[in-house]
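Peer 1: From first to last, the protein sequence lines stand for chains A and B. Numbered according to this note's numbering, the first sequence spans residues 534 to 827. Numbered according to this note's numbering, the second sequence spans residues 11 to 327.
Among the hints, erroneous ones may be present.
[As the list claims (entries may be wrong)] No more than 25 Å apart at the CA atoms, straight line, and that leaves these computed lysine to any residue pairs for SDA-like:
#	chain 1	residue 1	chain 2	residue 2
1	B	K214	B	E253
2	B	K214	A	K699
3	B	K41	A	S711
4	B	K88	B	G104
5	A	K699	B	L266
6	B	K132	B	L84
7	A	K699	B	D156
[As the list claims (entries may be wrong)] Listed next, the stretches of chain B that the computed footprint assigns to chain A, with coverage defined by at least 3 CB atoms under 8 Å from CB atoms of chain A:
#	region
8	194-203
9	225-239
[Claimed, not checked] For each label pair, taking beta carbons as the anchor points, the in silico distance ranges come out as:
#	chain 1	residue 1	chain 2	residue 2	range
10	A	S738	B	R163	26 to 32 Å
11	B	T46	A	P576	53 to 59 Å
12	A	H785	B	S196	20 to 26 Å
13	A	D681	B	G28	22 to 28 Å
14	B	T46	A	A675	57 to 63 Å
FYI, nobody ran anything at the bench for these hints, they're computed from the structure. Don't be surprised by glycine CBs; every beta carbon is placed ideally from N, CA and C.
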Amino acid sequence: MLYYAQGPKAEGSAERVGLASDGRTPVLQVSDLRVSFPTPRGPFLAVDGVSLDLNASERLGLIGESGSGKSTVALALMRLIKPPGRIESGRVLLGGVDLLSISEDEMRSRRLADIALVTQGAMNSLNPVMRIRNQVIDGLRAHGERLDKAKANASVDELLRHVNLKPEVADLYPHQLSGGMKQRVCIAIAISLQPRVIIADEPTSALDVVVQRRVIQTLLKVQDVIGASVILIGHDMGLMAQFAQRMAVMRHGQIIEVGDVRDVFANPQHAYTRQLMESVPSLRKPGVLGAARA
Amino acid sequence: MSNVALLELRHVSRTFGGGGIFHQRPVIALKDFSLTIDADVPSITAIVGESGSGKTTMARLALGLDSPSSGQVLYQGKDLQKVSRGEWREYRRGVQAILQDPFGVYNSFYTVDHVLTTPLKKFRLARSADEARKLMREALVAVGLDPDVTLGRYPHQLSGGQRQRIMVARTLLLRPKVIVADEPVSMIDASLRATVLVNLLQLKRDFGISLIYITHDLTTAYQISDRIIVLYRGEVVESGPPEQIIERPQHPYTRLLIDSIPEADPELRWGDAALDEVDIGDEEEEVALALSRDYPEPATSVRASSNSQNSGGREHE
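Start from the sequences, fold in the hints, and give me the full structure.
Peer 2: Put into structure tokens, the structure is as follows:
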């Protein structure tokens, strides 16, 4: 049996991250997260008191425009904020353990294994002189998976299958793949250790719509297969409507609205959310441009 | 004069590469493309396609930044390859560009006034400093910006939407006949996009300027254009009025494009059934695999059993 093809994580792994056995506890609890960057005019709070719960196997959309702090939240959750930026305060409980208070070594072992990040530029982070196969195996071995050659190859095949790539792709180099294929390889790496939480930060904003759909549908499928919770970060209302179950709207470093995606779309509470909704062009309604069209 | 087209691309093709020491196959970026912009009635033509469809090649040809491998680009009936210097100058003023990146076009050491004063000087549009000032203010007001707040600012003090509207104001100063807008809103936040698109619509309505709107976004194309041309791998697969293209798409690629747009409505999802239905193992994969067979395999590679069914992938090239 392939080690990762066990479906949603079993009780054993729940114990590893200290999850309450009833499964009702949120997988990820973020409370009062603040991230600041120094500026000549004093510290700028890019993330200003964000609190968020993510339930097991939930798909949460975090939407905001450029500068709203959404990507900074993603980096803070991964503890990848680079100096001079720093996390001022807050707690990030992943199954009961505060990621912000553990050692750097411990955090390194939890990245990918417990919480994985796929970014817009993820495809450019693939090593250009290494075959896809070795890059996937690299991640597994770095986290202490002991795999013989046959088992490692079988794992790679299986992971690529999950993201709908043919096994032959494993023997190609990144430059031989299109952007959409590379992003799917990155998703394969992200799920390789069955993390509880996957953060996808604008994973498709560099891709065409047809390819975007394939990547997002791949993400939906693997999320279902491994039972992970996903935070999809983006600025595209359409994508949120397609992907998310719950949606949070960010502005100026704060979450101004959270709710079931249907509720938020049907009945946005915040003026800014309404403005975002109205600005989305559609093939089904004339929208704001209809009036201006002579 | 009235039956001479303002701008015409006549059976234009553009190929890149071919020959050379690497014996690469030439890439056909644009194939037998024709487009006519009428001189009498201003129009908005949307060129829709994804990356690699040839839409930016088309824009470069229409703007005179590149010459076709075959075919002709004509401005007011004259072939651009054969025009006089004066005619070229007139063309360069008559056909203006608005590009994708509202961040890169500004020099961060100059105030935004610089992009407005440069064309005024270049084309000697103002006789005095006062007149220049007046023209700049008028152009900014026309795109809905307050000149008192905008002039004298540095680019980083303005949003992407504001910067792009200044670019619209800049083109307006020149009173062009045609504007080629290459993905003008794709780098702007969603809530600000509409303001720029409304500006573009106003150019047509208030100033009679025709627009070639190049985009990958079928929804905005549908909302502002009078006709849509769908490009796929350098070729026109479909063209017509927006209602016809969106409501009755004929070509499978157009249908795929429409189906892939993430509709901003949680009740209208792509659907779980489509997950298995859509062949995600796609042709781009076939192409990559086919190309990889052109490279010799290093002896150390761990190759999965090679699969004869994929040999047909080459034909996608």
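Peer 1: Please test the hint of 22 to 28 Å on the beta carbon pair from D681 of chain A and G28 of chain B.
Peer 2: violated, 47 Å
Peer 1: For K132 of chain B and L84 of chain B, compute the direct alpha-carbon distance and say whether it is at most 25 Å.
Peer 2: holds, 24 Å
Peer 1: For the pair we were handed, K699 of chain A and L266 of chain B, check the Cα-Cα distance against 25 Å.
Peer 2: Holds, because 22 Å separates the two Cα atoms, which is no more than 25 Å.
Peer 1: For the region 194-203 of chain B, does the count of residues with a C-beta closer than 8 Å to a C-beta of chain A reach 3?
Peer 2: holds (count 5)
Peer 1: Need the status of pair K214 of chain B, E253 of chain B: alpha-carbon distance at most 25 Å?
Peer 2: holds, 20 Å
Peer 1: Given a hint of 20 to 26 Å, does the C-beta separation of H785 of chain A and S196 of chain B actually sit inside it?
Peer 2: Given range 20 to 26 Å: holds, Cβ gap about 24 Å.
Peer 1: According to a criterion of three or more residues whose C-beta lies within less than 8 Å of a C-beta of chain A, is the region 225-239 of chain B covered?
Peer 2: This one holds; 8 residues, not fewer than the three required, reach chain A with a Cβ under 8 Å.
Peer 1: For a C-alpha distance cap of 25 Å, please report whether K88 of chain B and G104 of chain B respect it.
Peer 2: holds, 13 Å
Peer 1: Do the Cβ positions of T46 of chain B and P576 of chain A conform to the proposed distance bound of 53 to 59 Å?
Peer 2: holds, 58 Å
Peer 1: Is the hinted pair K41 of chain B and S711 of chain A satisfied, with a Cα-Cα distance of at most 25 Å?
Peer 2: holds, 23 Å
Peer 1: Is K214 of chain B close enough to K699 of chain A, meaning Cα to Cα at most 25 Å?
Peer 2: violated, 49 Å
Peer 1: For the pair T46 of chain B and A675 of chain A, does the Cβ-Cβ distance stay inside 57 to 63 Å?
Peer 2: At roughly 59 Å between Cβ atoms, A675 of chain A and T46 of chain B fall inside 57 to 63 Å, so the hint holds.
Hints 2, 7, 13 from the earlier list are contradicted by this structure; the remaining hints agree with it.
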